[in-house]
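Residue numbers (our numbering), protein chains in the order written: chain A, 35 to 671; chain B, 152 to 343; chain C, 173 to 509.
These are calculated hints, taken from the structure and not from any lab test. All C-beta atoms, glycine included, are put in the ideal place defined by N, C-alpha and C. All the given hints hold, so there is nothing to weed out.
Chain B is faced by these chain A residues, among others (derived, beta-carbon under 8 Å):
1. Asn180
2. Arg203
3. Ala284
If you want the building blocks of each chain, they are given just below.
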Amino acid sequence: MSASRPRAAKAAEMSALHERLERTWATPPGLWGWLTTVDHKLVGRRYVVTGFVFFVLGGILALLMRAQLARPESGLIDADRYNQIFSMHGTTMMFLFAVPIMEAMAVYLVPLMCGTRAIAFPRLNAFSYWVYLAGGTMIWIAFLLNVGPETGWFSYVPLAGPEFSPGKRTDFWAQMITFTEVAALAVAVELIATILKQRAPGMTLARMPLFLWAMLVTSFMVVFAMPAVMLSSSFLISDRLIGTHFYNPAEGGDPLLWQHLFWFFGHPEVYIIFMPALGMVSHITATFSRRTVFAYPIMVLALVATGFLAFGLWVHHMFATGLPRLGNSFYTSASMMIAIPSGVQIFCWIATMFDGKPRFATPLLFVLGFIVTFVLGGLTGVMLASVPLDLQVHDTYFVVAHFHYVLIGGAVFPLFGAVYYWFPKFTGRLLNETAGKWNFWLFFAGFHLTFFPMHILGLIGMPRRIYTYRAEMEWGGWNLAATAGAFLIAVSAVMFVINVAAALRRPRTAGANPWQASGLEWATGSPPPAYNFIYLPVVAGREPLWEEGETRPVMEGLSSSEREILCTSVVEAEPDMRHPMPDNTLWPLLAALSTTALFIGSVFNEWALVWGAIPLTACLIGWFWPVGTPRRKEAAA
Amino acid sequence: MSSRFPNAEGAALALVAALALALGLGGCNREARQVRGSPLPDGGLAGVSPTALHVGGPRPFVKDPRAAQYEENAYHIGEGKRLYEWFNCYGCHAAGGGDIGPPLMDDTWRYGGEIEQIRASILEGRPNGMPSFAGRIPDTQVWEIAAYVRSMSGHVAKDAAPSRGDQLGNPPAATQVDRKPMGALTPPEPAP
Amino acid sequence: MRRVATAALCLLLAGCAGVQSSMDVAGRQAGDIKGVWTLMLWVCGVMYLLVLAFLGWTLWRARRPLADAPPLADSALSPADRPMQTALGGWMVLIVVGLLVLTFGSFLVDRRLAEAGARADLNIRVTANQWWWQVEYQHPDPSQGFLTANEIHLPVGKTAKIELVATDVIHSFWVPNLGGKQDLIPGRVNDITLTPTRTGRFRGQCAEFCGLQHSNMALDVIVDSPAAYEAWRARQLASAPPPVTPGQARGLAVVQTAACANCHQIQGTEAMGKTGPDLTHVAGRRSIAAGALPYSRGALAAWIADPQGIKPGAHMPIVQLSPADLNGVLDYLDSLK
Numbered sequence: 035m036s037a038s039r040p041r042a043a044k045a046a047e048m049s050a051l052h053e054r055l056e057r058t059w060a061t062p063p064g065l066w067g068w069l070t071t072v073d074h075k076l077v078g079r080r081y082v083v084t085g086f087v088f089f090v091l092g093g094i095l096a097l098l099m100r101a102q103l104a105r106p107e108s109g110l111i112d113a114d115r116y117n118q119i120f121s122m123h124g125t126t127m128m129f130l131f132a133v134p135i136m137e138a139m140a141v142y143l144v145p146l147m148c149g150t151r152a153i154a155f156p157r158l159n160a161f162s163y164w165v166y167l168a169g170g171t172m173i174w175i176a177f178l179l180n181v182g183p184e185t186g187w188f189s190y191v192p193l194a195g196p197e198f199s200p201g202k203r204t205d206f207w208a209q210m211i212t213f214t215e216v217a218a219l220a221v222a223v224e225l226i227a228t229i230l231k232q233r234a235p236g237m238t239l240a241r242m243p244l245f246l247w248a249m250l251v252t253s254f255m256v257v258f259a260m261p262a263v264m265l266s267s268s269f270l271i272s273d274r275l276i277g278t279h280f281y282n283p284a285e286g287g288d289p290l291l292w293q294h295l296f297w298f299f300g301h302p303e304v305y306i307i308f309m310p311a312l313g314m315v316s317h318i319t320a321t322f323s324r325r326t327v328f329a330y331p332i333m334v335l336a337l338v339a340t341g342f343l344a345f346g347l348w349v350h351h352m353f354a355t356g357l358p359r360l361g362n363s364f365y366t367s368a369s370m371m372i373a374i375p376s377g378v379q380i381f382c383w384i385a386t387m388f389d390g391k392p393r394f395a396t397p398l399l400f401v402l403g404f405i406v407t408f409v410l411g412g413l414t415g416v417m418l419a420s421v422p423l424d425l426q427v428h429d430t431y432f433v434v435a436h437f438h439y440v441l442i443g444g445a446v447f448p449l450f451g452a453v454y455y456w457f458p459k460f461t462g463r464l465l466n467e468t469a470g471k472w473n474f475w476l477f478f479a480g481f482h483l484t485f486f487p488m489h490i491l492g493l494i495g496m497p498r499r500i501y502t503y504r505a506e507m508e509w510g511g512w513n514l515a516a517t518a519g520a521f522l523i524a525v526s527a528v529m530f531v532i533n534v535a536a537a538l539r540r541p542r543t544a545g546a547n548p549w550q551a552s553g554l555e556w557a558t559g560s561p562p563p564a565y566n567f568i569y570l571p572v573v574a575g576r577e578p579l580w581e582e583g584e585t586r587p588v589m590e591g592l593s594s595s596e597r598e599i600l601c602t603s604v605v606e607a608e609p610d611m612r613h614p615m616p617d618n619t620l621w622p623l624l625a626a627l628s629t630t631a632l633f634i635g636s637v638f639n640e641w642a643l644v645w646g647a648i649p650l651t652a653c654l655i656g657w658f659w660p661v662g663t664p665r666r667k668e669a670a671a
Numbered sequence: 152m153s154s155r156f157p158n159a160e161g162a163a164l165a166l167v168a169a170l171a172l173a174l175g176l177g178g179c180n181r182e183a184r185q186v187r188g189s190p191l192p193d194g195g196l197a198g199v200s201p202t203a204l205h206v207g208g209p210r211p212f213v214k215d216p217r218a219a220q221y222e223e224n225a226y227h228i229g230e231g232k233r234l235y236e237w238f239n240c241y242g243c244h245a246a247g248g249g250d251i252g253p254p255l256m257d258d259t260w261r262y263g264g265e266i267e268q269i270r271a272s273i274l275e276g277r278p279n280g281m282p283s284f285a286g287r288i289p290d291t292q293v294w295e296i297a298a299y300v301r302s303m304s305g306h307v308a309k310d311a312a313p314s315r316g317d318q319l320g321n322p323p324a325a326t327q328v329d330r331k332p333m334g335a336l337t338p339p340e341p342a343p
Numbered sequence: 173m174r175r176v177a178t179a180a181l182c183l184l185l186a187g188c189a190g191v192q193s194s195m196d197v198a199g200r201q202a203g204d205i206k207g208v209w210t211l212m213l214w215v216c217g218v219m220y221l222l223v224l225a226f227l228g229w230t231l232w233r234a235r236r237p238l239a240d241a242p243p244l245a246d247s248a249l250s251p252a253d254r255p256m257q258t259a260l261g262g263w264m265v266l267i268v269v270g271l272l273v274l275t276f277g278s279f280l281v282d283r284r285l286a287e288a289g290a291r292a293d294l295n296i297r298v299t300a301n302q303w304w305w306q307v308e309y310q311h312p313d314p315s316q317g318f319l320t321a322n323e324i325h326l327p328v329g330k331t332a333k334i335e336l337v338a339t340d341v342i343h344s345f346w347v348p349n350l351g352g353k354q355d356l357i358p359g360r361v362n363d364i365t366l367t368p369t370r371t372g373r374f375r376g377q378c379a380e381f382c383g384l385q386h387s388n389m390a391l392d393v394i395v396d397s398p399a400a401y402e403a404w405r406a407r408q409l410a411s412a413p414p415p416v417t418p419g420q421a422r423g424l425a426v427v428q429t430a431a432c433a434n435c436h437q438i439q440g441t442e443a444m445g446k447t448g449p450d451l452t453h454v455a456g457r458r459s460i461a462a463g464a465l466p467y468s469r470g471a472l473a474a475w476i477a478d479p480q481g482i483k484p485g486a487h488m489p490i491v492q493l494s495p496a497d498l499n500g501v502l503d504y505l506d507s508l509k
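Hey, can you work out the whole structure from these sequences and the hints?
This is how it looks when you write it as structure tokens:
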């Protein structure tokens, strides 16, 4: 294999190559293809759609909560149902929407940005989607059957323990965590392998796009954070099903163990949600400012620093639990410190727009919304980092306001911007700009109307997670305003769905690079063919499509009759070896079904862990059974 | 979104429906949180006999319509567990193993092990020291205690029974007790 | 800008005053914390304004006519690169300085709060249950200690150290006008120190989700002048007055023989239940059912007749009493001032 000098290829030659590659890489049509595909683009699309379905479901729950709280002493929703609703809202948004949708966008985009033909471990990718779908479906069916979680999205014990949360509600919640964390870990592993070993030749770490850096750091955070919550939820299931004493203080356990284990995951979790959005913001800002992001090395360092610091903050969720005060102060400092990389990044993005030639299309509007909203949320976060102030506003609506500002401002605004930005790549059509602007402004206005009053409500004494409040507290006015804003957000969401649906009816006229952006994903068709790139791109700088001039350097030599990708070295991205990729297969789905049966069974009976392992083992044997590639079989013969 | 398989949504719905059916078979009664208890009037101990022996042959046991909402309901069993401690059932029955009173976690039921019979025992009192709690413990709470007592001996479904309490010296978790069918009443052991 | 303006507006409209407002300071601890809040508001407000100003300048600049040049792929080629790097450095320093100021301010106040508990004039032990507060006034001489429920009286100017325990799940003790919150965790003993600085009635509320009736787990905190506090204390130490009228006598009989005595205690009678709130002086309290209803004979009637209608899920069962019995009970309880 060699890196060729750019040469003009004849049209017929390209067409024949395209045919062969399509035959090799395409997913067959029909139900069989749908169930057996390992194409990261199809899996990624499914993931995105499913994530948005959960977003809408979680949003409906939010509207119900706001309807109940709009008036004092409202009898709309009773206490038990309200507790389930707020628990499901948090659970859906955090576990079923926020993390999976970011992973979904990455599953689709990362291999394209790397310039490779497939994601690493494609069957694991398919498996992770099915497991995620199963977990989300399980908890929602449970909710609809009155067995939904009732103790909040972080289920403190002893309230969530066997004595105070009777029945199977909390068990389903704890097992849902296992589903979604297996799925997240799987995707994290694939992304790390893809980003480190499958980048285009010449794409050294120093030339890697910022979204890839963000996903790399995020994936490492997932790998280190998820085990903590899987451990804590497994301990909880064990206490509830078998009668262990992990969280029973009378027998040597400790309710605070739950909090430490959960928040050791829980704090990095919000950065896992937030960091991919930072990558998206960088790309959108660069494209719509027509210049590369300012201070790239600082941006990378900021991402890495955030990733490390995120693991040192979790006790700020526990300032009121009576831990030693000097220890608390350490976490105050750490929690304040993490504002430094974020603050630096904000400067760099604004500086990019300042020095560039900004064009305020919808994606960039969402970036502006992100800046205005997230910075405010980050500053209330700095306030919450202070122990004395936290002791007043912890567990009040001030915190609710804070985390919605940072999560919606910091993740959902960039996500919408990213959808508007990458929609032409995913589907070949552009979303309507006018509708996009309406979408943005309605969302922006609705968001601030909903959540800004909550800062005040928290300061004047309204605690979290209450299904009603007395009229004499005089919280009704601010609550009504918040409810009005929530309905505005709903209208904006409906607009978004209509915009997408209408766009999908139009013909595919977007072209390969409608925004004249610079990433490798724009160097192929919209939507990309099954094989991603007809020749593998070779990269010589940070903004390949802006630097390449008339012709694009490519590498040829990968087989077009079997599935294989090029592995490159970790730092310098020098070509290393060819690696086969699997064909379409049903094993990931079968393994996911076995896993689902095992997990759901173990909610009811611990022996399901044993008996359920048998079909799962069989599926894994089938999955890993070596089949060899045609070329190797030829060589062996 | 142009799906490559147009009936994917149909497949998904079918899957959802199947799961709903599966889970539905277990879900409903166990999880209801009815805080008011039965709306039917109090009393109704007539017809509840602690024994199956009757003049003229055995009479079929008639279930009280109120029993269904308590028997396999996790919330009421959990409340019963709390009340078992609050009203000092421990004083004679310990944590189920018995002390000066008979054990409640075995499958010997001197005065019947159906929930109606246990309720009758609590309300009426029984010879050799079981006090009568009629007028002292409101009816809903008596049902809840009776439901909990049944769970101690494995007569309640595993998913409704509580596992351990948040206390010292727990009895074996009710979820780990062997499930027992409610068979014929075991006659009491002869006095020593 | 929005934050400062709204806060100002809030104060102007006296919207921040309230019986459960952390902005309406009535205690030393709350005052210290409000100092941190003010510092935060100013520093964070300034930083936010700077970000908005930079963004505003950028948006203003974007209105200039833009030459149609190819996009900039290399940052170093831009003439603004060096000045922006300098500005970035300055911004980083500013953030670090700001955070250091905030960290030190926060730390100093935290130390002050911690030291406050060293000299306590008053010791109280609060036990949180689902969904009410047991309050025990402690005294080295046990006969000078007493039990009450859902209401705390504090003498103004004196420091009260409150020990916090829980019997069931995690709750959180929070009286915003007086100070921050502290969790009550089963298996742990926490404490909080409050030093009220003005008299008045304030409201606290459980601030950690604790189950079905978390929303209705409030408590009244009344800060008295020293004389009024002593008078209240003396009343609390006394046992329940004996019944005077026939109705009250009937009520006492019902309380002692029906379900009430299973859970409640009334000092000086045979009712010695330990699992529910102490009722010895229930008629003297401001509210019943942990703040669910203001005290009155009618409210008490509604509560006893159907507690599940007022606080669904509460551990108070529906006790079916005949109307005559209920009236007697109400007469009796209403006499327990």
